[in-house]
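Sequence positions in the sequence shown follow mature numbering (1 follows the signal peptide of the UniProt record, and there is no 0) and run -27 to -1, 1 to 291.
Think of the hints as simulated: they come from the structure by calculation, not from any bench.
Please note that a few of the clues may not be correct.
FRET-style restraints, in silico, Cβ to Cβ [stated by the list, open to error]:
#1 R160 <-> N127: 44 to 54 Å
#2 G203 <-> T118: 55 to 65 Å
#3 D216 <-> P178: 24 to 34 Å
#4 G192 <-> K97: 42 to 52 Å
#5 K39 <-> K82: 19 to 29 Å
Computed from a predicted structure; not experimentally measured.
From the three backbone atoms N, C-alpha and C, an ideal C-beta is built for every residue, glycine too.
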Amino acid sequence: MKFRSAGIMLGTSVAFLSLLGCGGSNGDLDNPRQGTITIASDESFKPLVNALTNAYEGIYPNTHFKLDYKPEQEAIRQLLQDSARIIFATRQLNEKEAEIIKKQKGSHKFQHIATDGLALVISKSNTDSLITMPEIKAILEGKITDWSQLKDGNQKGLITLVFDNANASNLNFVLNKFGITDIQRLRIISSGSNENVIKDVRTNPLHLGFIGVTWISDGHSLASEELSKGIHVMGVAQKAKPDSLPDYIQPFQGGLEFKRYPLHRDLYIISREGYSGLGGGLMTYIARDVGGLIIQKMGLLPTVPYPRELEITTGKNF
């Protein structure tokens, strides 16, 4: 396979445990309120990770996160090498990876924080904005190679698939989802980042891009709004023959709820922190309602939703 390069104001306080064990009296150790650690994450989640860590640093100015964005498999390798304290990933560690940490006399824990969606994006000049799961599989198998082969296809031309990177979560997710093991014969390119996928698709009507939806789902972000210009987000239907237009779902919160969007995926934080340090503080923060609010604002479905309180006035005393 050949690739070519192409504040939220927070009013909720967070309670944390005191520093425990592992030399807890050592003032050099970080804790939930101060210190510096490295976080590695697949680049698909860069907007979300930036939002979460910026918010945390806003509450605790003595904390700092060194963020390292790279393909998911490389982020996992960084965790195994103990050069990243925590990572954001779309899967848990497998048995072999967990055994590596165990042999290092370490431990790890994970936390499911959100349901994410892999978005399929095309140029606005491409009118074929609906697709089915069987059609996506046929494209990845090389059985569908031209836009005109899609159901009710309006465009002619060879389909070129655009991903951010090899070994990144976007490509690995679709290959695992459809059981694809060989992509040597596909027209497929790597653009280097999710942002570059969007830019590539915007100017190439025959290209089909795959991105993490957080890049375009934050309705309050000027950057997200700017990136969304000139592209369509495809609606994806589970069945080969959808009954109606509502069967085509987009990867935004309405579609992620109840996992109706066919290309939904889980998002985890994985930590190898052996004491109650800054990594644990961030995980606790995300697990509480404030973290859920930020995840929700970024367009994903939080595992712990932010509670909304409604006051209803009836004019009657009960």
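Each hint tested on the structure:
Take R160 and N127: their Cβ atoms lie about 20 Å apart, and the range 44 to 54 Å is violated. Taking the beta carbon of each, G203 and T118 are about 25 Å apart, not inside 55 to 65 Å as hinted. One distance hint, 24 to 34 Å for the beta-carbon pair D216 and P178, holds here, with the actual separation near 29 Å. In this structure, G192 and K97 break the distance hint of 42 to 52 Å, their C-beta atoms being roughly 19 Å apart.
The hinted window of 19 to 29 Å between K39 and K82 holds, with their beta carbons roughly 21 Å apart.
Hint check: violations occur at hints 1, 2 and 4; the rest are consistent with the structure.
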